[in-house]
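Residue strings, one per chain:
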Amino acid sequence: MPMGASHWQMPEKDEYAVIGRGITKSFESLHVLKGMSVNIPRGVTYCLLGPNGSGKTTLMRMIMGLVKKDSGEIYVLDEPLDRISRVYSRLGYMPQQRPLYPDLTVEENLEFYAGLYGIRGHKMAEKIAEVLQVVDLSQTRDRITGMLSGGMYQRISLACTLINSPDLLLLDEPTVGIDPVTKQSFWGYFRNLAAEGKTVIITTHIMEEAERCDMVGFMRDGRMLAESSPDELKKFAGLKKQLKMKVEDPEQKMALLVKEGLEVRRDGDMLFVDIAEASRIREVLDRMKPTDFDVVEPTLENAFLKLSV
Amino acid sequence: MAQIKDISESLKRIWTVGLRVIRQIKRDRRTIVAMVVNPIILMVILGYSLAATLSGINLGIVDLQGGLVQESVLAHLRASDAFSITYIASESEARRLISEGRINGAVVLEDGEIRLILDGTSPQVASAITAATAAGMQSAASQLLSNLRAGDQLPAVTTYYVYGYDLEAKDTVGAALLGIAIFFFNFLNTAIAFLRERTQGTLEKVLVTPMNRLELVSGYVLGFGLVSLAQAAITCVLLIAIFKVPLQGSLLAVLIIVVLLSAGSLSFGAFLANFVSSEYQVMQLNPVVSFPQILLSGAWFPLQSVPDWLRPLSYIFPLTYSTDALKQVLLRGASLTDILFPDVFALLLFFMVTFFMATFMLKKEIA
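Read top to bottom, the protein sequences are chains C and R. Take the position in the first sequence, starting the count at 1, then add 57; the result is the number in my numbering. Take the position in the second sequence, starting the count at 1, then add 802; the result is the number in my numbering.
None of these hints come from the bench; they were simulated from the model. Idealized CB from N, CA, C, for every residue including glycine. One should not assume that every hint holds.
To be verified - Computed footprint of chain R on chain C, listed as stretches where at least three residues anywhere in the stretch have a Cβ under 8 angstroms from a Cβ of chain R: (1) 170 to 176; (2) 267 to 280.
Claimed, not checked - 30 angstroms max Cα-Cα, derived DSSO-like pairs, lysine-lysine: (3) C:K125 to R:K828; (4) R:K807 to C:K180; (5) C:K346 to C:K303; (6) C:K292 to C:K316; (7) C:K180 to R:K828; (8) C:K184 to R:K814; (9) C:K298 to C:K363; (10) C:K346 to C:K292; (11) R:K807 to C:K184; (12) C:K91 to R:K807.
Chain C extracted, bound-state conformation (with noise of 0.2 angstroms):
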């Protein structure tokens, strides 16, 4: 799996619902990407994680050739990028606002969209039943879109994302403004549609979502960081499990540990050791007899924050 932006090598394509490499785009004077490349597999969840302006948002439209780009290769499902439209029927896009017409009834919106697909007569109402029985709405069908509740709005704009069955699914922050019920539903349809086989692109500032991801493309100021697993990319950037006790007489315990070769923090009489091996734990655990310990796992924002330096 390839890592840093910097060794990247062309993978073979049919592996891979999205790649690209050497991708720039200025809006006038301001660069967004800065040869970005990228590596999505095929039956994944992909999360592309960075702060704002990092160019996720402009990456993701290019994808879909709603954003032209100035140099570079991209790859959608074998296609490059100028003959985009012919993927246009494997795709499922939900924008950040969230495409709905407000004044039509939930089945009308969708009837629309599966319009757009060629889906009609009985299989339309077929998949219109299925979509919505994948989010939760069956009995919301008849009620005018403007009226439902921000979440249920939500998941309508996933229902309508979902009507043509799409390969690649590019969901620009769609957990963002919904509460923890849906956005733990919502994460329980990615997981199932990758599942499926299908491939999930999600946009997100937010550590935590990355981490549910089966990958995740760290972005920073318009640069591929690294992407790869959660895990991975924590032990990329050379996190390690933290051991923190508490203990009597610190002062000699530590130096003890770090004759031995370990990373230790003190802390008043609380130690932070980095462990690489969970098998060490235990064998520190057992000579250093602390009062208290507790094990933390390092988190994505600490990966995060080490890569972006």
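Start from chain C and add chain R according to the hints.
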């Protein structure tokens, strides 16, 4: 075969958009009411205000001695509250006074002839004078019939205009307003609809489907076009049934003109939507688009009264051609072939140009 399938799929997608537009309008009761009621209200108000009883018309009389009929006409004019009468020595003097704006018109009573010297720029006044003269002749004629003498003959009435032309303003209100209502309904609604597509994110989503830009704009033309057709049909029926406006030509011809005009105006709206970012801006744009057209298209004032340097504007406005076409068909009973050139041709051209621009401007790159 594959191509036929492609075209049929494309047509179905266009219909999908058209159906959606119709459904949206169907749900918007206020718009539906406004579509039907607005032109009617305007026609009633404008029709009556144009046909209202006038008063204080300064009328010159050049009495060169006529017969019984001329006397009867004079008596009628004097009896009317509308006119304040001034006696003038000669016709040339009367013409001078009209051109100086000191009197609004003059009636020359001469043996065997009655001449009306009218100011063509005030059609309401002109028609009031014409009507009073006609009424005077009518009552004289009935007296003459009961008291016929040899050699008695009704004098000929001839009308001269100092300025402009005979406007028939009252009659043209319906024709002009129908076109104006259709144009602005479509223009405003599509401009706002396309703006909303943009701001609510549906445009982006729609562009990432098998549907292309051409189909999207076509769908709008189809949906709004059908709605306009219904609007025009209802308005025409109401005009004819309730307001007794004579329909000289065929309703089909009227509806064809309406469809062409609405197609052009909604493509124009879709095109303009590219340059605005809020509904408020659309409303600000509206007077800029509407007033010049209403004033310069010949809807209220004849094209001949538009100054030369503004005339080119008149000739690029679609309303100029639709107003003329609707007047010709509604009032003069013209057929479609009579108005093929320039009216139908110009409306078609306007549609094609704006349709192309709207499609072209519907950029995918929305920075």
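Status of each hint after checking the structure:
1. With 5 residues bearing a CB less than 8 angstroms from a CB of chain R, the segment 170 to 176 of chain C meets the requirement of three and the coverage assertion stands.
2. Under a criterion of three residues with beta carbons nearer than 8 angstroms to beta carbons of chain R, the stated coverage of the segment 267 to 280 of chain C fails, only 0 such residues being counted.
3. The straight-line distance between the Cα atoms of K125 of chain C and K828 of chain R is roughly 38 angstroms, outside the 30 angstroms bound, and the hint therefore fails.
4. At roughly 18 angstroms between alpha-carbon atoms, K807 of chain R and K180 of chain C fall within 30 angstroms of each other, so this suggested pair holds.
5. For the given pair, K346 of chain C sits about 9 angstroms from K303 of chain C by alpha-carbon distance, which is consistent with the 30 angstroms threshold.
6. At most 30 angstroms may separate the alpha-carbon atoms for a hinted pair to count; K292 of chain C and K316 of chain C meet this at roughly 24 angstroms.
7. A threshold of 30 angstroms between alpha carbons decides the hint, and for K180 of chain C with K828 of chain R the separation of about 26 angstroms falls inside it, so the pair holds.
8. Of the supplied pair hints, the one linking K184 of chain C and K814 of chain R holds, its CA atoms being roughly 18 angstroms apart against a limit of 30 angstroms.
9. Distance check on the hinted pair: K298 of chain C and K363 of chain C sit about 15 angstroms apart at the alpha-carbon level, within 30 angstroms; holds.
10. Distance hint between K346 of chain C and K292 of chain C is fulfilled; the C-alpha atoms sit about 28 angstroms from each other, no more than 30 angstroms.
11. For a cut-off of 30 angstroms, the pair hint linking K807 of chain R to K184 of chain C stands: about 22 angstroms separates their Cα positions.
12. At roughly 43 angstroms between alpha-carbon atoms, K91 of chain C and K807 of chain R are farther apart than 30 angstroms, so this suggested pair is violated.
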